[in-house]
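We have chain A; now place chain B onto it with these hints.
For the record, the sequence lines run as chains A and B. Each residue of the first sequence is one higher than the one before, starting from 1 at the first, in the working numbering. Each residue of the second sequence is one higher than the one before, starting from 113 at the first, in the working numbering.
Watch out, some of these pointers could steer you wrong.
[To be verified] Straight-line C-alpha distance at most 16 Å; calculated EDC-like pairs for lysine to aspartate or glutamate:
1. 190/B <-> 130/B
2. 41/A <-> 115/B
3. 56/A <-> 215/B
4. 154/B <-> 39/A
[To be verified] Restraint-style ranges between C-beta atoms, simulated for each label pair:
5. 134/B <-> 112/A: 38 to 46 Å
6. 225/B <-> 53/A: 44 to 52 Å
7. 163/B <-> 94/A: 39 to 47 Å
8. 41/A <-> 165/B: 26 to 34 Å
9. 130/B <-> 54/A: 46 to 54 Å
10. 120/B <-> 44/A: 18 to 26 Å
11. 170/B <-> 41/A: 21 to 29 Å
In short, the hints are calculated from the structure, not lab data. Using N, Cα and C, we set each Cβ at its ideal position, and we do this for glycine too.
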Amino acid sequence: EDKVVQSPLSLVVHEGDTVTLNCSYEVTNFRSLLWYKQEKKAPTFLFMLTSSGIEKKSGRLSSILDKKELFSILNITATQTGDSAIYLCALSIIQGAQKLVFGQGTRLTINP
Amino acid sequence: EPEVTQTPSHQVTQMGQEVILRCVPISNHLYFYWYRQILGQKVEFLVSFYNNEISEKSEIFDDQFSVERPDGSNFTLKIRSTKLEDSAMYFCASRPGTSGVNEQFFGPGTRLTVL
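Just chain B, same shape as in the assembly:
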């Protein structure tokens, strides 16, 4: 069964460093998402991506964040200068985009620890 994959599973970085989190969505899906979950808190929407551009972003997704689909398979989230409060689990998700089908399929997540 096709699944969303994410790498790395755990990333430890120093405050101020740049990190890139990688995702491979399910092939033939059209919508891609990043969510984050700070320990003990809700899963929060960060950004959605469709047709090679951002379709929606939350207040959390400020200028320090960017997303890219550099080729036909990868979808990346970059944090330019990490802060302590960026420590969280980051989930990538994808959705077919077919009319009437809108459940999102989640990857296993990347745990980001900023020291």
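Okay, chain A solo, but in the shape it has when bound:
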């Protein structure tokens, strides 16, 4: 069974800190790994990773995938209170309509 495990489940830091969120997975027919940010409602897309070792970067956020060790990390530097959210890791598989299999999320709280 396809499985996505995120850690930590919850993280509280101070504004300006750097955080690393982890996502490990077990899946057959891997296509890509996606990161989403979920604030009050819809998950909003952050990154899609398909190849090992290639960092994706967007402002203070970056992410990388290790397909040998089956994990990904999401880094956020110089955190701001607006980064407070639940960060979701999801796998897309090759077969069928490429449904997403989600992890349970990491709840990140940035205190001023």
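Frame of chain A; chain B shown alone:
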């Protein structure tokens, strides 16, 4: 920027009643999805829809559930006889379907409360 829209934002219903949740995917997207998230739990896949038919469904998506694309823009999820355990946030998503592009874009969700 185009976005997925969903209505209503919150639906309250009595157990045993039928509900229809509505979604307007991003135009020119080809794949449509419904997911649900029970409070405090993971986002779970329910069903995918392509070329006017269901392409995949999960174990959750039993005979009480159905999906439809009644016209060129709407995509609906119907629950025929709601149960208490159907209370959840329901997200619609769509995907272009273009080769190599497979991120799904999510709507804001409908919170369904079954009393």
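Hint check results:
no.: 1; hint: 190/B <-> 130/B; in the structure: holds, 7 Å
no.: 2; hint: 41/A <-> 115/B; in the structure: holds, 14 Å
no.: 3; hint: 56/A <-> 215/B; in the structure: holds, 15 Å
no.: 4; hint: 154/B <-> 39/A; in the structure: holds, 14 Å
no.: 5; hint: 134/B <-> 112/A: 38 to 46 Å; in the structure: holds, 39 Å
no.: 6; hint: 225/B <-> 53/A: 44 to 52 Å; in the structure: holds, 45 Å
no.: 7; hint: 163/B <-> 94/A: 39 to 47 Å; in the structure: violated, 18 Å
no.: 8; hint: 41/A <-> 165/B: 26 to 34 Å; in the structure: holds, 29 Å
no.: 9; hint: 130/B <-> 54/A: 46 to 54 Å; in the structure: holds, 48 Å
no.: 10; hint: 120/B <-> 44/A: 18 to 26 Å; in the structure: holds, 21 Å
no.: 11; hint: 170/B <-> 41/A: 21 to 29 Å; in the structure: holds, 22 Å
Checked against the numbered hints above, the structure breaks only hint 7 and satisfies the rest.
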